[in-house]
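Trainee: Residues per chain are reported as follows:
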Amino acid sequence: MKEQTNSTLTERTDPLLQERLYTTKLACGLTVAIIVKPGFHEKTARIATHYGSIDSRFIHPETGEEIQVPDGIAHFLEHKLFEKEWGNVSDKFSELGAEANAYTTYTHTVYYFNTTDRWEESLDLLLDYVQTPWFTDESVEKEQGIIEQEIRMYLDDPGWRSNANLLEALYQEHPLRIDIAGTVESIHQIDKETLTLCHKTFYHPSNMVLFVAGDVDPEATLARVKAAFDTKGYKPQAEIKRLMPKEPTAPAEKRREQALVVNQPIFRLGFKDPTPTKTGRELLAHDLLTAMAVDVVAGRSSPLYTELYEAGLIDQRFGFEYSCDETWAYSYFAGMTRDPEALHERLSAGIQQAVDQGLSPEAFERIKRKTIGRMVGMMNDLDSIAWLFIDSYFKEMDVFDLIPVASELTVEQANQRLREHFRPEQAAVSLIKPK
Amino acid sequence: MTLRFSRHELAEGVNLFVGTTEKFKTTVIYAYFHTPLHPEWLTPNALLPLVLARGSADYPTMAELQQHLDELYGASFGIEISRRGEVHSIIFRIEVPNEHYLPDSPHLLEEAIKTLSSLITKPLVEGDGFQAAIFEQERTNLQSLIEGLINEKRRWALHRCTEAMCEGEAYALNRLGRVEDLPGITPQSLLRHHKRMLEEATVNLFVIGNVEEEQVKGWMDQYLQLPAGARTMPETVVKREVGREPKKVTDSLDVNQGVLAIGFRTGTTVRDEDYFPLIVANGVFGGFPHSKLFQEVREKNSLAYFAYSNVETVKGVGFMYAGIEFEDRDQCQEIMLEQLKVLQSGQVSDEELETTKRQLVNDILSSGDSPAALADLAIDRVFSGVDRTVEERVAAVEAVTKEQVAAVAQKFQIDTVYFLTNKAGEGGEAQ
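Chain order of the listed sequences is A and B. Every letter in the first sequence is one number past the one before it in our numbering, and letter 43, counting from 1, is 43. Count along the second sequence starting at 1, add 1000, and that's the number in our numbering.
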């Protein structure tokens, strides 16, 4: 990897992926990262704050006071930043010909636009509106109505419910068990004062990153970003201390059931992993290793997948995932099934067998090839690059590390990881039954 | 600057479109088999790709097939069934990383074409039918997929609205087929259906990536061996007049949120002169967050989280829909229909028109940046019969006037009002 320093931007090129990344940190604390994609018509800019739905208890960086805010406030704030005294930000982006949106995850909130025209104006708008809140009692009340409908929409979404119920069963204390949007009750406790407090705390540039991708001039882009932030007079802010409860190793419940209007049961089996308490390259290796090991165990090329499929217990919708961050980690397997009990039994037995026998080196190498190929594919479009970059950034991972780190992993490490991860006492089941 | 597909006729009714670009790090291939949306084809069409995806003569088990795909650096193979107008299409897709970006520069594209061809043309057979065990299983899986339409409530509402609206027309048929057809399909009849698909379907192949055009054509000729046959692109019957009072349909399910879906006839298709005015009219009306529906239903009245409209431009139908409280149904319907009148009377501000055009232009320009969007663009050409460049499409959108928007909207006729509620006793169909 070659490195060279421009005036302020550090340029790095990944020789294999042939992607160019420029990064720097402004005086106010904002990190700026730019990936240049020659030949693309579209450009995207995304400003993200390290503030998500799980951050509802924290120590105020100035007063040292412990603060507890209503569940769902990070998501509520995301909605509310679009409203200004002069009108709606979304409408303004539309006028500029840009497509703008935002999303909230457990750990971060992202505001973005994609455009093929009037790039500078849209960029200026993005850099301004996220930093300049405008809350009124009426607008907060109006948003409660809209978000209540958003929550109700998800209450009727069986896949969403299946996942939410699993997290409630797996976690006793960790706020991962609470829906990102909060509840109909909790959002009605949100007021403009609390929104202001959360914005002031978490939208300080030192807690944020700006990511840009497209056929852009990095220096000119940086100059615009600097201009936008230099005028705002940010003072340094101490690091925000988030208060995460200590999560016991055992799940809250072994099983969670709910009846919904579905044609078939939705079965989901989850395994809670010990908290990784890692970031950066270590967390990346941990994540890739576990994800690859799980793929070897239950992916489409595994004997277990064939067994379950041929027994008529799963169909092509069966899937699995490993999700990890600094404060949590879990895996799940999910599918629609005619017989959830039989699926539970045979899936658990198959996993245990893989743990006991160990993975074959050939299968592990094959999944490694697949993983590397899929990472190359992630570089295809701006949206997936942006998603990958931002998700990695807050875990302090380097996107250019993905392939080298994956390449170095060994089957011995994978077997070790399987033994740690798949402990029956850390498993829980979520079942959606037809009403 | 903008990518154009080159077209090669491999045989009569078999076309290869190659979009060569250095922008992407993968190569994507789509194989479309277009057949009529007709009860005779419908359910076998939906079942066939499920069975074919289980393996071929070259890769006889699921594990062997998947291991082979994994070895090709995680090549992904997928199947899809689509309905556009009254054309029912079976779609096979394979995507492989470009060898350029991999450590040992393996030859992946030829393998990908070979694999795709094998899955389409060399099925696993048992006597004169598909393998019975696989067949039975996929028939059960399809039944679950069809019955699973109810799992997603917004999709269910639009499906039920379409079904009621187009009763007696082919367009009422769901792309996944009908449960009642399943018992009548056998491993033998499905294998005959496979033969018929290979012989009679119009085939469009799209290859997008950093490829050598002649090489791709050569591999397609070599591996994708299709029998000679009479292939015609199916026609769609467009109904322009409703000629009756709107139908009212209500379903009661035990849900938390109501979904209101109002179906209408647009009277305009992709082949008509007022196609671009239609697209702009839908954009002003309900295609975007700045549109009338979102602004009135969500932003001003706080009734919904989602409130949109869309138009289907082969059949000439459209839908407006929102997720709401059960008791807000009348208010929401009133607002939506009022907004349609506003549109029809030409009450469109310069700002609304300009904003809509910019959004549509942005969509058109950015379509060159993703393989999936490029494939959609190419398939548009198949349906419209016109090969428009990006610049021509942008110019056509830019040229639309308010008068044209009002004129095209005046052709909209409300056909069916559907409501998904949780209250019992309101069910049944009333004319």
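These are calculated hints, taken from the structure and not from any lab test. All C-beta atoms, glycine included, are put in the ideal place defined by N, C-alpha and C. Just to be clear, a hint being listed does not mean it is correct.
Unchecked claim - Derived contacts from chain B toward chain A, CB cut-off under 10 Å, selection only:
1) L1050
2) A1053
3) S1056
4) I1091
5) E1095
6) L1145
7) E1147
8) Q1257
9) V1259
10) S1302
11) A1304
12) G1323
13) D1363
14) S1366
15) G1368
Claimed, not checked - Think about it this way: if two alpha-carbon atoms lie no more than 27 Å apart in a straight line, the pair counts; the simulated DSS-like pairs of lysine-lysine are:
16) B/K1423 to A/K192
17) B/K1239 to B/K1122
18) B/K1411 to B/K1239
19) B/K1357 to A/K92
20) B/K1357 to A/K84
21) A/K226 to A/K84
22) B/K1248 to A/K435
23) A/K232 to A/K200
24) A/K395 to A/K246
25) B/K1300 to A/K84
26) A/K200 to A/K226
27) A/K92 to B/K1341
28) B/K1300 to A/K92
29) A/K142 to B/K1402
30) B/K1423 to A/K435
31) A/K433 to B/K1423
32) A/K25 to A/K395
33) A/K92 to B/K1248
Unchecked claim - Pair ranges (Cβ atoms, derived):
34) B/F1326 to A/E310: 52 to 62 Å
35) A/T196 to B/S1082: 40 to 50 Å
36) A/D383 to B/V1386: 50 to 60 Å
37) B/E1064 to A/K200: 54 to 64 Å
38) B/E1403 to A/G87: 22 to 32 Å
39) A/G280 to B/G1127: 52 to 62 Å
40) A/Q416 to B/V1125: 39 to 49 Å
Trainee: Compare the structure with each hint and give your call.
Mentor: Status of each hint after checking the structure:
Given hint, B/L1050 at the interface with chain A, holds; its Cβ is 8 Å from that chain's nearest Cβ, closer than 10 Å. A cut of 10 Å between beta carbons decides the hint on B/A1053: the least distance to chain A is about 7 Å, and the hint holds. Nearest Cβ of chain A to the Cβ of B/S1056: about 15 Å, over the 10 Å cut. The hint is violated. For B/I1091, the interface hint is violated, the least distance from its beta-carbon to any beta-carbon of chain A being 15 Å, above 10 Å.
Interface hint at B/E1095: satisfied, since its Cβ lies 7 Å from the closest Cβ of chain A, which is below the 10 Å cut-off. Checking B/L1145 against chain A: minimum C-beta separation of about 8 Å stays under 10 Å; hint holds. Checking B/E1147 against chain A by beta carbon gives a least distance of about 4 Å; that is within 10 Å, so the hint holds. Here the hint on B/Q1257 is kept, as its CB sits about 4 Å from the closest CB of chain A, short of 10 Å.
Against a cut-off of 10 Å between C-beta atoms, the interface hint on B/V1259 holds, since the closest Cβ of chain A lies about 9 Å away. For B/S1302, the interface hint holds, since its Cβ comes within 10 Å of a Cβ in chain A; the closest pair sits about 4 Å apart. For the restraint placing B/A1304 at the interface with chain A, the shortest Cβ-Cβ distance is roughly 5 Å, inside the 10 Å limit, so the hint holds. A least Cβ separation of about 5 Å between B/G1323 and chain A falls short of the 10 Å threshold, and the interface hint therefore holds.
Satisfaction of the interface hint for B/D1363 is found here, the shortest Cβ-Cβ separation to chain A being roughly 8 Å, below the 10 Å cut-off. Given the 10 Å rule on beta carbons, the hint for B/S1366 holds: about 4 Å separates it from the nearest Cβ of chain A. Because the smallest distance between the Cβ of B/G1368 and any Cβ of chain A comes to about 6 Å, under 10 Å, the interface hint for this residue holds. Between B/K1423 and A/K192 the alpha-carbon distance is near 36 Å, which puts this suggested pair outside the 27 Å criterion.
For a cut-off of 27 Å, the pair hint linking B/K1239 to B/K1122 is broken: about 40 Å separates their Cα positions. A C-alpha spacing of about 12 Å is found between B/K1411 and B/K1239, which places the hinted pair at or below 27 Å, so the restraint holds. Proposed proximity of B/K1357 and A/K92 is supported: the alpha carbons are some 14 Å apart, at most 27 Å. Between B/K1357 and A/K84, the direct Cα distance comes to roughly 24 Å. Compliance with the 27 Å bound is thereby established for this hinted pair.
Of the supplied pair hints, the one linking A/K226 and A/K84 holds, its CA atoms being roughly 23 Å apart against a limit of 27 Å. At most 27 Å may separate the alpha-carbon atoms for a hinted pair to count; B/K1248 and A/K435 meet this at roughly 26 Å. With a CA separation close to 13 Å, the supplied pair A/K232 and A/K200 stays within the 27 Å bound. Taken as a hint, the A/K395 and A/K246 pair is honoured in the structure, with Cα atoms around 20 Å apart against an allowance of 27 Å.
Between the alpha carbons of B/K1300 and A/K84 the distance comes to roughly 15 Å, so the proposed pair stays at or under 27 Å and holds. Restraint check for A/K200 and A/K226: satisfied, since their Cα atoms lie roughly 20 Å apart, inside the 27 Å limit. For a cut-off of 27 Å, the pair hint linking A/K92 to B/K1341 stands: about 26 Å separates their Cα positions. About 17 Å separates the Cα atoms of B/K1300 and A/K92, which keeps this hinted pair within 27 Å; it holds.
Under the criterion of a C-alpha separation no larger than 27 Å, the hint pairing A/K142 with B/K1402 is inconsistent with the structure, at around 32 Å. With a CA separation close to 15 Å, the supplied pair B/K1423 and A/K435 stays within the 27 Å bound. The straight-line distance between the Cα atoms of A/K433 and B/K1423 is roughly 21 Å, inside the 27 Å bound, and the hint therefore holds. Of the pairs offered as hints, the one joining A/K25 and A/K395 holds, with about 17 Å between alpha carbons and a cut-off of 27 Å not exceeded.
Only pairs whose Cα atoms come within 27 Å are accepted, and A/K92 paired with B/K1248 is rejected, the gap being roughly 38 Å. Roughly 44 Å separates the CB atoms of B/F1326 and A/E310, a value that falls outside the hinted 52 to 62 Å. For the pair A/T196 and B/S1082, the beta carbons lie near 48 Å from each other, so the given range of 40 to 50 Å is met. Remark: the range hint 50 to 60 Å for A/D383 to B/V1386 is contradicted by a beta-carbon distance near 29 Å.
Range check, B/E1064 to A/K200: Cβ separation about 59 Å, and the 54 to 64 Å hint holds. Checking the proposed 22 to 32 Å range against B/E1403 and A/G87 shows it holds: the Cβ atoms sit about 28 Å from each other. Hint check: A/G280 to B/G1127, Cβ distance near 59 Å, so the stated range 52 to 62 Å holds. For A/Q416 paired with B/V1125, a C-beta distance near 45 Å keeps the hint of 39 to 49 Å intact.
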